[in-house]
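Student: So the protein lines, in turn, are chains Z and L. Residues 1 to 300 (my numbering) are what the first sequence spells out, left to right. Residues 1 to 323 (my numbering) are what the second sequence spells out, left to right.
Simulated from the structure, these hints should not be mistaken for laboratory data. Accuracy of the hints is not assured; some may be wrong.
Listed next, with one range per pair, are the computed distances between beta-carbon atoms [to be verified]:
{"id": "1", "chain 1": "L", "residue 1": "106", "chain 2": "Z", "residue 2": "154", "range": "22 to 28 Å"}
{"id": "2", "chain 1": "L", "residue 1": "79", "chain 2": "Z", "residue 2": "73", "range": "28 to 34 Å"}
{"id": "3", "chain 1": "Z", "residue 1": "300", "chain 2": "L", "residue 2": "233", "range": "35 to 41 Å"}
{"id": "4", "chain 1": "Z", "residue 1": "208", "chain 2": "L", "residue 2": "163", "range": "31 to 37 Å"}
Pulled from the structure, derived: some chain L residues nowhere near chain Z, Cβ distances all over 12 Å [unchecked claim]:
{"id": "5", "residue": "7"}
{"id": "6", "residue": "29"}
{"id": "7", "residue": "73"}
{"id": "8", "residue": "86"}
{"id": "9", "residue": "92"}
{"id": "10", "residue": "98"}
{"id": "11", "residue": "101"}
{"id": "12", "residue": "122"}
{"id": "13", "residue": "136"}
{"id": "14", "residue": "144"}
{"id": "15", "residue": "154"}
{"id": "16", "residue": "180"}
{"id": "17", "residue": "193"}
{"id": "18", "residue": "222"}
{"id": "19", "residue": "230"}
Where is the CB? At the ideal position from N, CA and C, for every residue including glycine.
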Amino acid sequence: MITTPTPTHRALPLRPFPIGARAVVLVAVAVAGLLAAWYLGLHPAKLVPAPDARGLVADVFGSAVSPAVAYESEGLPSDIDPLLVRVGGAALRTLVYAAAGMSLVVLFGLVLGFFASTAWWADEEVGASDPASQSAWLVLRYCVYGVARIVIAVMRSTHELLWAVLFMAAMGLTPLAAVIALAIPHTGILAKIFAEMVDEAPRDSANHLRVLGASPLQQYLFGLLPRARNDLIAYTFYRFECLVRGSAVIGFFGIETIGKYIRDAFDNRHFHEMWTYIYALLIVVVVLDLWSGVVRRRLS
Amino acid sequence: MSDPWADIRRLRRAAPRDRVLRASFLAFGLAVLGVWLFSGVSVIGIHLGPVTGDTSWGLQVPSEQVRDTFSPRRWENLERFVGRLAPRVTEQDGTVVGWFARLMRDKGLSAMLTTLAVAVAAIVLAGACALPLLWLGARNLARAEPMITAGKRPGPARHLLWRSQVSGVRGLFVFLRALPEYVLAFVLVVLGPGAWPAVLALAIHNLGILGRLGSEVVEDADLSPARQARAAGATRAQIAGLVLFPQTLSRMLLYFFYRWESCVRESVVLGMLGVATLGYFIQNDARARLRYDEMILYLLLGAVLVLAGDLVSALVRRWVRNA
């Protein structure tokens, strides 16, 4: 008699779809994208420029392959700087504004990041023996934390160009105002990320310091900050890249960075010159990108 | 008893040093110092930032512009600005609530929707383009192990091809993300009116960022499931699509939503180039008509939208992480 072997184990129940709950997100994203495209009337046919605009489009994008190395307009006074010196100056000024903004961003980002972080809040209180002053300290702590979080949210919720528009409307956009406008949102973002990084950093050194009697500030400065240092530096470099882009763009509002030259060249229909400035910006950002990649790799 | 300072000095000497890092920090510090000391904006007598267009390297001090920063003209401007901040309630409005309702109905709501739609359309387009590309930029897929089993060793030409493929795709990502969205949109506006220039500009920039982040996610992935699939006879494309994609999807979605947040921020601003997002009403409509009450309202709507986007993104990311 032949017996068929009976299975000795039951197969594990398979999930019906290997992606599971994330599939919902994927489908929702796709649907949202289609809805948005429908709302905006995005149709591929609209990408083809109208017949009367085709000459301009061909001019603008055709010039991309031959950026100018000398001025396009004739009869300029002979004593002005050559085009490439001007381009270099514009690129340098873009970096100058970014560096000026960055010094404010790092300074205020560190301070705000400290107040927005909870990691330095010791469990048992320092210097407060009676319960009344302890609870006062607790309330103060939460107030400072809340205010810092709100300030950070307000700072980063508005784009640097909109801060620039606001300053422009209020007082006119001076270089100092431009630097401050650039610094505000990036300070908010940096402070938020700083606080998160410090809160997620290992607490071991800070705990040791607390046992030795260090104050919360000492724990923060010598226990927590060094543990998060590499991440902080890597992220700060990335922010600098973003600030350089912002500094270039703020030029569209008349500050003497690359954006102003791009806009002027476009308005004068000097498209070859425009691409020279665009390529200069491209080179600056790519070099910074590669540099920050090297720094990041060395830090990790 | 030993001198504690000697110990500290010894520890300090023993700490690892990195020339490139030190040079980077030094360069950075010198740059910041140089900017504040030698250029043109005045901060309590210290100058920063070149101003005039004629100075090609721009590190001179144009003193008239420096004084201008805090000149009486600026203060008059500020007074006028503050004077125009109060909501201008018309007779039909009745109250401030009516003023708010009218502006929301006429412009605010549709501007917010357009802002959101531009951000969503752009990030979905960027994600859809990045998804097939990012596998080509992952170094761990562009080599023999674990994708090719023993017996068929690839030659040096194949290795060269792999290496150039990875650096080519990574280089493409670098270039796509290098230019700011605003500059891209400014050039693309010649394509014509409508939302395409803004959407394309955002999509191009974010394709570069999502592509790089996605490639790095794949590079960090654990390859043992891929090895098992390979042993079972799966092809390279099957491994990417059926093993690594589900494996890395959560991380990729985190980055996707993180970039969507910044798309919302940028989408507000790109309105200044003509598409009817909030930026258009802030700059080209309200400010051009000196209606600062409306301008502040739209600025606040933009801030609310950005913060709401952050919140939604944080919630979705937490949900995905736990799923």
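Student: Against the range 28 to 34 Å, how does the distance between the Cβ atoms of residue 79 of chain L and residue 73 of chain Z compare: consistent or not?
Tutor: violated (41 Å)
Student: Within 35 to 41 Å: is that where the Cβ-Cβ distance between residue 300 of chain Z and residue 233 of chain L falls?
Tutor: holds (36 Å)
Student: Beyond 12 Å from chain Z, beta-carbon-wise, is residue 136 of chain L?
Tutor: At roughly 19 Å from the nearest Cβ of chain Z, residue 136 of chain L sits farther out than 12 Å, so the non-interface label holds.
Student: Verify this label for me: residue 180 of chain L is non-interface relative to chain Z, using a Cβ-Cβ cutoff of 12 Å.
Tutor: violated (4 Å)
Student: Take a quick look at residue 230 of chain L and tell me if its Cβ sits farther than 12 Å from every Cβ on chain Z, holds or violated.
Tutor: holds (18 Å)
Student: May I ask you to check that residue 144 of chain L keeps its beta-carbon over 12 Å from the closest beta-carbon of chain Z?
Tutor: Correct as stated: the minimum Cβ-Cβ distance to chain Z is 24 Å, above 12 Å.
Student: Can you let me know if the beta-carbon spacing of residue 106 of chain L and residue 154 of chain Z is within 22 to 28 Å?
Tutor: 26 Å Cβ-Cβ, so the 22 to 28 Å window holds.
Student: Say whether it holds or is violated: residue 98 of chain L keeps its Cβ farther than 12 Å from all Cβ of chain Z.
Tutor: holds (25 Å)
Student: Taking the minimum C-beta separation from residue 86 of chain L to chain Z, is that value above 12 Å?
Tutor: holds (15 Å)
Student: According to the definition I'm using, a residue is off the interface if its beta carbon is farther than 12 Å from all beta carbons of the partner; does residue 29 of chain L meet that for chain Z?
Tutor: Violated, since 9 Å does not exceed 12 Å.
Student: At 12 Å, judged by beta carbons, does residue 101 of chain L keep clear of chain Z as stated?
Tutor: Since the minimum Cβ distance to chain Z is about 23 Å, residue 101 of chain L lies beyond 12 Å and the statement holds.
Student: Take a quick look at residue 7 of chain L and tell me if its Cβ sits farther than 12 Å from every Cβ on chain Z, holds or violated.
Tutor: Answer for residue 7 of chain L: holds, closest chain Z Cβ roughly 16 Å.
Figure legend: structure checked against the earlier numbered hints; hints not met, in rising order: 2, 4, 6, 7, 12, 16, 17.
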